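J.: Chain by chain, the residues run as shown.
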Amino acid sequence: MASTAHRFLKPEDILRLNNYEFGAKAMVEGYLAGKHRSKQRGASIEFHEYRPYTPGDDPALVDWRVYARTKRHYLRTFEQETNLECHIFLDSSASMGFKGSQSELSKLEFSSFFAACLSWLVIKHRDRVSLQLFDDKIRTFLPPGSTQKHLNEILTTLEGNEPGGETSLSEALTRSAPLIKRKGSLIVISDFFDDPTAIFQSLSPYLHRGFKIHLFHILDPEEATLPDMNLTRFIDMETDKRLTLHPKHLKKAWKEALQDHRRNLRQFSTRRNVDYAPLLTNQSYFTLFDRLT
Amino acid sequence: MSFFLQNTQWLWALLIPLLPILVHLIARTMPPKYHFSSLTFLTEIIKKTARWQRPKDMLILLFRCLALLALILTILGLTLLSDKDKKESATAESTTILLIDRTASMMAKEGGTSRFEIATQKAQDLLLKLNPDHANIVWIDASPEAVYPLPGANLSFLTEALQKADPYPESGHIQAALQLALSQLQSSSGKKEIILFSDFQESTWKEIKLPENADFTLRKIPVSTKVPENLALTSLNYSPTRPLIGQPLLIQATIANYTGDARSQFVTLDLGGIRQSHEIEIPAWSEAEALFSVTPDKAGTLPISVSLEPDQFSGDDHRYAVVNVQESLTLHVQTPSTSDSTGHEGEIWEALGKALPWLEVTASTELPANLSTDFLYLSEWSDAVDLTPLEKNTTLLLRPSSPLSPSSLKTFTPNWEIPENALAPSQDKDGWQILLKAPKHPSFTLFKNGEFGNPFAGTFKKRLFLPSLPEEVGLTLASYEDGVPALARLGNHYLWNLSMARAESSWSDQSSFLPFIGEFLLNARRTSEGENLSFTAGSQISWSPKAELPYGATVQLIRHDSLLLESKKEIRPEGSYFTSPYRTTPGLYHWKLSNQTVSYTPVNFPSAESDLRTMDPNFLLGETTDAETLTRKASLDRGVPLWKWLLLLLALFLLLESLLSNLRKTPLPAA
Numbered sequence: 000m001a002s003t004a005h006r007f008l009k010p011e012d013i014l015r016l017n018n019y020e021f022g023a024k025a026m027v028e029g030y031l032a033g034k035h036r037s038k039q040r041g042a043s044i045e046f047h048e049y050r051p052y053t054p055g056d057d058p059a060l061v062d063w064r065v066y067a068r069t070k071r072h073y074l075r076t077f078e079q080e081t082n083l084e085c086h087i088f089l090d091s092s093a094s095m096g097f098k099g100s101q102s103e104l105s106k107l108e109f110s111s112f113f114a115a116c117l118s119w120l121v122i123k124h125r126d127r128v129s130l131q132l133f134d135d136k137i138r139t140f141l142p143p144g145s146t147q148k149h150l151n152e153i154l155t156t157l158e159g160n161e162p163g164g165e166t167s168l169s170e171a172l173t174r175s176a177p178l179i180k181r182k183g184s185l186i187v188i189s190d191f192f193d194d195p196t197a198i199f200q201s202l203s204p205y206l207h208r209g210f211k212i213h214l215f216h217i218l219d220p221e222e223a224t225l226p227d228m229n230l231t232r233f234i235d236m237e238t239d240k241r242l243t244l245h246p247k248h249l250k251k252a253w254k255e256a257l258q259d260h261r262r263n264l265r266q267f268s269t270r271r272n273v274d275y276a277p278l279l280t281n282q283s284y285f286t287l288f289d290r291l292t
Numbered sequence: 000m001s002f003f004l005q006n007t008q009w010l011w012a013l014l015i016p017l018l019p020i021l022v023h024l025i026a027r028t029m030p031p032k033y034h035f036s037s038l039t040f041l042t043e044i045i046k047k048t049a050r051w052q053r054p055k056d057m058l059i060l061l062f063r064c065l066a067l068l069a070l071i072l073t074i075l076g077l078t079l080l081s082d083k084d085k086k087e088s089a090t091a092e093s094t095t096i097l098l099i100d101r102t103a104s105m106m107a108k109e110g111g112t113s114r115f116e117i118a119t120q121k122a123q124d125l126l127l128k129l130n131p132d133h134a135n136i137v138w139i140d141a142s143p144e145a146v147y148p149l150p151g152a153n154l155s156f157l158t159e160a161l162q163k164a165d166p167y168p169e170s171g172h173i174q175a176a177l178q179l180a181l182s183q184l185q186s187s188s189g190k191k192e193i194i195l196f197s198d199f200q201e202s203t204w205k206e207i208k209l210p211e212n213a214d215f216t217l218r219k220i221p222v223s224t225k226v227p228e229n230l231a232l233t234s235l236n237y238s239p240t241r242p243l244i245g246q247p248l249l250i251q252a253t254i255a256n257y258t259g260d261a262r263s264q265f266v267t268l269d270l271g272g273i274r275q276s277h278e279i280e281i282p283a284w285s286e287a288e289a290l291f292s293v294t295p296d297k298a299g300t301l302p303i304s305v306s307l308e309p310d311q312f313s314g315d316d317h318r319y320a321v322v323n324v325q326e327s328l329t330l331h332v333q334t335p336s337t338s339d340s341t342g343h344e345g346e347i348w349e350a351l352g353k354a355l356p357w358l359e360v361t362a363s364t365e366l367p368a369n370l371s372t373d374f375l376y377l378s379e380w381s382d383a384v385d386l387t388p389l390e391k392n393t394t395l396l397l398r399p400s401s402p403l404s405p406s407s408l409k410t411f412t413p414n415w416e417i418p419e420n421a422l423a424p425s426q427d428k429d430g431w432q433i434l435l436k437a438p439k440h441p442s443f444t445l446f447k448n449g450e451f452g453n454p455f456a457g458t459f460k461k462r463l464f465l466p467s468l469p470e471e472v473g474l475t476l477a478s479y480e481d482g483v484p485a486l487a488r489l490g491n492h493y494l495w496n497l498s499m500a501r502a503e504s505s506w507s508d509q510s511s512f513l514p515f516i517g518e519f520l521l522n523a524r525r526t527s528e529g530e531n532l533s534f535t536a537g538s539q540i541s542w543s544p545k546a547e548l549p550y551g552a553t554v555q556l557i558r559h560d561s562l563l564l565e566s567k568k569e570i571r572p573e574g575s576y577f578t579s580p581y582r583t584t585p586g587l588y589h590w591k592l593s594n595q596t597v598s599y600t601p602v603n604f605p606s607a608e609s610d611l612r613t614m615d616p617n618f619l620l621g622e623t624t625d626a627e628t629l630t631r632k633a634s635l636d637r638g639v640p641l642w643k644w645l646l647l648l649l650a651l652f653l654l655l656e657s658l659l660s661n662l663r664k665t666p667l668p669a670a
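Residue numbers (numbering that gives the first Met the number 0), protein chains in the order written: chain A, 0 to 292; chain B, 0 to 670.
Same shape as in the complex, but just chain B (with noise of 0.2 Å):
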């Protein structure tokens, strides 16, 4: 703390409070003479009261040379101030950035009262009471954006704006917030200062570092003071990603606990009307798991709901998620132009479309320009082959043939060191067996308990010589009695090291042939960029045609509420685009073209918001403070005129001397 003086010019009057001590010497060195009559009894009482009436006299010098100090100093207009580094703040500008956070765990409530609610209250509290030169408010949500572009003096916009707002359902990009309060006061001059306002949850913050800078003072104030129990929807997963009609889809919704008791809730399924509920179990401050078993009847894009009993904190009671149901897998079969036994792959595969319903099969000789297939056979895998024209969601089985060089491998292993010539054909005419490497791959969970065989029964005679595959490299599923790779996942595709043709092995005459292939199809197709996406709330949601638009057709979005939201079109290099014009809030999005919903985009709760653990924000840099203190600090910063207190302290003083001085004072008796 220091004191400073408004008021310098009155400076010297410091100097009047030694009159009185001025006066008192010189009245004791020059007093004014009285002849008086007798000093006999004067002289007798002074020797009796002289014990008391010297300290009594320094007293009452004393009281009126310190009242006379507290007029004077009232007048020099005495300024107490925090720091007195902070001298020039009392005159100096003040920026301040108001940085508060809006996202979902603000709109949880404590005591009837949201977090938000409190945050900005104490914003405006402060805003009234700090009274910057020049203020601005940050809102730190998934779009961190500020209310004016820069600092302004118009503090009761801010105060309205604080008023209007309302928290958002998403999380928030906290780092970009606070780049942009920093932006904010780079223009700024003077006493520059980040008021941070929020709960500082655990589970967004615990991992954010603010930044340090001499330039202005972070300080943050903490608005929750108890964590609201709450029970959350945190995912919502199913298998297969791309169901069959008729497959079973096992949809799995995770529910965390967040609060001290076990809890016992239903969770309810709404698949495109077919509807399941179940109850859990959930641990205090853990998670379960809800499953359903679902088999979709119709192809198409189903919206998939899961819902909680609502709670306090309901935003996270719902989740979304959109499935995709085919009515059949694609495979093409590429085979070489020579009619040699590899030919009869091709008629294998016919022969395997015909026999699986769900299974399409084409087959041409050179590979198609514009293919999208969930498949493609390559039976002839070799260097010369181009494979950069293929569509990205296709699953690639690619069968190796010589020539194939190590760098064709590399295109899909890079970290595959391969010696050069390690590739080469070999051949066995008794042929070799193949051997299961990863046998809980789905793919072979029908042959768990042997009733289906052995997946890769019979012999196998003709082959590419491959090194063994790292596990960092590739998944091998299958390898020979050797330990060349016969079946193994590059990627999203897979290395088929396995003659079908009869000529060159006996696997398609095997019973578990069938049931393999069609286990394998079903889950070694991979979703294609773009499909099972979910957004989070906050985000800008987007939706491609997968063809080119009928002349005329309007696109549609319909928000969750029924609410017709205007979208906006974007020609992008992979195709048009149309986009939401705002954040969006959770729920499910319908798409519709010429009034006929073609799309689903599912909009979730972000689950980190669902903790609404807080932690203590003083492990992040800047002070930690409550608007209270932040007020009284200001003002000390500014500077509190300490005139109230002087003046009181000049009454005090006058009363005190004026109270000594007629102590032992009766009054007098009548003549």
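Excised from the complex, chain A in its bound form (with noise of 0.2 Å):
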């Protein structure tokens, strides 16, 4: 696939990726998805390319007329028995434009970064790639496609993503689920400041349809250690609330309530086999990939 100019995704990005196979396992659900017949006959079902038989291959599916003009065993690929869906969820609300005073890039452009290489990974691989962008509902939703064009589309959507206003991860979830027609991988990008009750809880559905879900919780290093400052007013960026505090004297119990929060979110993760993962903006983004192949 040929580089882009896209903001989110870099050159040497794009080498890197190169080494990683989202797309090896989603062909397996590929091949597997053919060969349980889907059952979702009357949908639109796109060819998708010829491919040599080899032994094992269902002979139902050989193109006898490939056959005729050739001489050859060629079977005919559609998208729906060949490739594994990737949801991207991107957290756009207020808070994730948070960028802290020794941080480049704020979490929305981080998480941006990661979307548009998840995107890149899974459409080089045939696969499918959605993007939904949501605050407290959702505010764009790319449906899944596989395409170069597709790509383009999601890498301009991202360019041209602000954030929003206050975070319901929950509330887009439950709105997204109509809307997400076959299982795959959903991927959520968040701060997840919000209750995991009430994110877990929207999940459900998902996990009963068989959805492998990652929860990739991106925090600036200021978040998670409170900046070293004296008196300050903080403002609430989804809400405007403002509380005057001493952040030095709050750090200890910020990180033990930070903590708390993030083992909430891994017990509910654990117990629901979703995995789970924690980031910060000063790491590299590609580690989670490592956790997706």
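There may be inaccurate statements among the hints.
What the hints assert, rightly or not - In the PhoX-like style, the derived pairs of lysine-lysine whose C-alpha atoms are separated by at most 20 Å in a straight line are: (1) K46(B) with K254(A); (2) K47(B) with K254(A); (3) K240(A) with K32(B); (4) K47(B) with K247(A); (5) K55(B) with K240(A); (6) K32(B) with K247(A); (7) K55(B) with K247(A); (8) K250(A) with K55(B); (9) K55(B) with K251(A); (10) K240(A) with K47(B); (11) K461(B) with K250(A); (12) K250(A) with K591(B); (13) K32(B) with K98(A); (14) K251(A) with K439(B).
Because the hints were derived from the structure by calculation, they are not lab data. Keep in mind it's a predicted model, so treat the numbers as computed, not measured.
Take each chain as given, in its own frame, and dock them per the hints.
T.: Here it is in structure tokens:
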């Protein structure tokens, strides 16, 4: 695939992504899907490509007209049968716009880089990827696609994405459920400043449908430790509430509270067989790809 | 106590400690804004920590303000003063007079160190620590003196003077020393102070009144902590004061026991080579007398020395006296030129002179010009007799005779009011008897048991009628039956209203007449001025030769330790005197004329100094204190800079602020 000039897709990232095989697993899924004929008849199925017959393939899938012409056995593959769907939920609430004094990227930008790379990886392996941008509602929904054009659309959408209002992940997940028809991987990228119980309640339908869910908890380093400041007026980026406090004096308590929150998320995730990974924006997002491959 | 600031030009800096409060207030109203992703957790945390966080923040603020305040006060030079009125004294000149007792009692040792050494050591320490601008030392002794004429700034010389000084075995003229110290301060300005170092011996200080003056401060530093035990010879007397050769001399030495236990002491007498020793018991805190009876066998001036066994305070273990032993008494009889029965008096006296080997009698009809006999008998004492040229040391035996007016008697008895015409001659052909009126008089001791009869046996037919002598005027030794005084002492002389002539009385024929006259003459003579004189240590001694010195004769004064002293000759109206050059110490001083001892001068330890008990100096005016308190007070008077304490407080507040800030903070876990 050719490199792009999009902001969130860097050539060095593309080079690095070549080492990842998100698509291989997806191909197994596709075979299985193909193998176990989809019950979704009547749905829009797009011809994908011809590929040579290999022993073990279902003879019913052999295109005999091609055989007649070429005397070679080829299978006709379709999208439904061959690709995994990757659904990216990108939190675009106001809190994701936070960028610490020592950080180069805001959480949204960091997450956008990751989402862009993931999209590229999925599409490279001919899988489908969808993108949902949400805050307290779904702001943008790009249905699954696997073409270059779709990738460009995703990248463009990401570039034009700005932090929005308050966070409500549970609301977004609930509203998105009808939009996502096929199971696949559900990648939620957020700062998860929300109630874990509500989050996992909204994830239940997805889990029930067999989605593989990955929760990537993105935080800025300053969010993890609170800044070294004296008396400061904190302003909530989502609610505009104000609170005057001494961050220095509350560091420990803040850390403890954050650790408790993470622990809760991790416990919920473990119980529900959900993958949970915290990450700071000063770390490499490629560590997340290790969890996906 | 009060405080004052030395660097008031930085006073505005006192506002600086308000800065943290202002910053806090301003910060609270206009803190920097920080957009944060979510305040949900922070709100919960604030709720949980508000209970202790706010007081902690307040305390931190307080410590910061206090730390700043401590720093500012250090810069301002905060000084602690003892009295707000003494603010000026912190910079004013100071003059200190050290008034130091160096009398004999200060030689007493307490724990191996004498009181004087303790006093001088404390004085040196104080001089060093107080560091006055001007100072002087005034010594309390018999002749108070100061080291400098006026207070000076050279303290090191005063310190040297303290190191070299010694106490003297003499009493102190305390009031004179105080006056001298006060006079030293008159020319001074600024802060004036007298610091008195003494043992405050009760026997010498109890009557002292310290001066009260608002112009200076008087402080007392007692240097005695305990009373050493002491036995002392406090007096030495002998009788008769001018014995004759062969006449028993009774020497009485008084020993005082200044201890809480009865003591037994050997008392040793040395009289011109004659030695005796007695052991006596002295009750606790009491006195006892040792009596010695010695019969001198040669005439002349004999030194008497009495000693105790030496103790820790040995200056008062010796006492000295000098006794003049005479070969004989001299009596001059002045008889009238008329040859009547009274002329027999002269004969009777001459007969007495022959009968008494120790009596030399001379007679004349006129009064001799420069009479120097022991006695002068005036057989007719009337208004016509001029007694003025008579030598003072002569005892007059005055037989009153008409005409004698009360005014003549008043010469000897000014207080005796005698009416005019009360004095008149009287006679009785049968004669009068004379009765003893003062049987305890020493003259009558021999007659006490009646062995020698009545000293006034016989009858007396002629007398001068006199009114009775009041007790306050004189002592009537004997009187006629009707109360007319027969023999009376008028001061140092005697009224001899007794007729001795055979025609006028039968007294001289009585067997008791001779012994009485002998006893009377032995007891009636008086000591001359200067005779038996004892000096107290500290005073200058002097000697006056009785006669003109031969040409080329030299007078030498030898101290008791055989040291030759230089004596000074003085011409006084009463004659020439030789005086010692400086203060004397206890002992016997010899006056030598051309290498021959002609006189002794005993110098004795001042007995008032022997009782080493001290009194509570609080009874005296002025503040009683000790050297350490005075140093501290002086520092406070000068002002104690508090910068060290303030810096310590600053460090403490900063430490507390830091500890409180870090309270409940744990290290961050590794990322």
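J.: Against this structure, judge whether each hint is valid.
T.: Verification of the supplied hints:
1. About 16 Å separates the Cα atoms of K46(B) and K254(A), which keeps this hinted pair within 20 Å; it holds.
2. For the hint linking K47(B) to K254(A), the alpha-carbon distance of about 14 Å falls within 20 Å, and the restraint holds.
3. For the given pair, K240(A) sits about 12 Å from K32(B) by alpha-carbon distance, which is consistent with the 20 Å threshold.
4. With a CA separation close to 16 Å, the supplied pair K47(B) and K247(A) stays within the 20 Å bound.
5. About 26 Å separates the Cα atoms of K55(B) and K240(A), which puts this hinted pair outside 20 Å; it is violated.
6. At roughly 15 Å between alpha-carbon atoms, K32(B) and K247(A) fall within 20 Å of each other, so this suggested pair holds.
7. At most 20 Å may separate the alpha-carbon atoms for a hinted pair to count; K55(B) and K247(A) meet this at roughly 13 Å.
8. Annotation: proposed proximity of K250(A) to K55(B) holds, straight-line Cα distance about 16 Å (limit 20 Å).
9. A C-alpha spacing of about 16 Å is found between K55(B) and K251(A), which places the hinted pair at or below 20 Å, so the restraint holds.
10. Restraint check for K240(A) and K47(B): satisfied, since their Cα atoms lie roughly 19 Å apart, inside the 20 Å limit.
11. Simply put, K461(B) and K250(A) have alpha-carbon atoms about 136 Å apart, too far for the 20 Å limit, and the pair is violated.
12. Under the criterion of a C-alpha separation no larger than 20 Å, the hint pairing K250(A) with K591(B) is inconsistent with the structure, at around 107 Å.
13. Note on K32(B) and K98(A): the hinted pairing holds, with a Cα-Cα distance of about 14 Å set against a maximum of 20 Å.
14. For the proposed pair K251(A) and K439(B), the alpha carbon gap of about 113 Å is over 20 Å, so the pair is violated.
Comparing the model with each numbered hint stated earlier shows that hints 5, 11, 12 and 14 do not hold.
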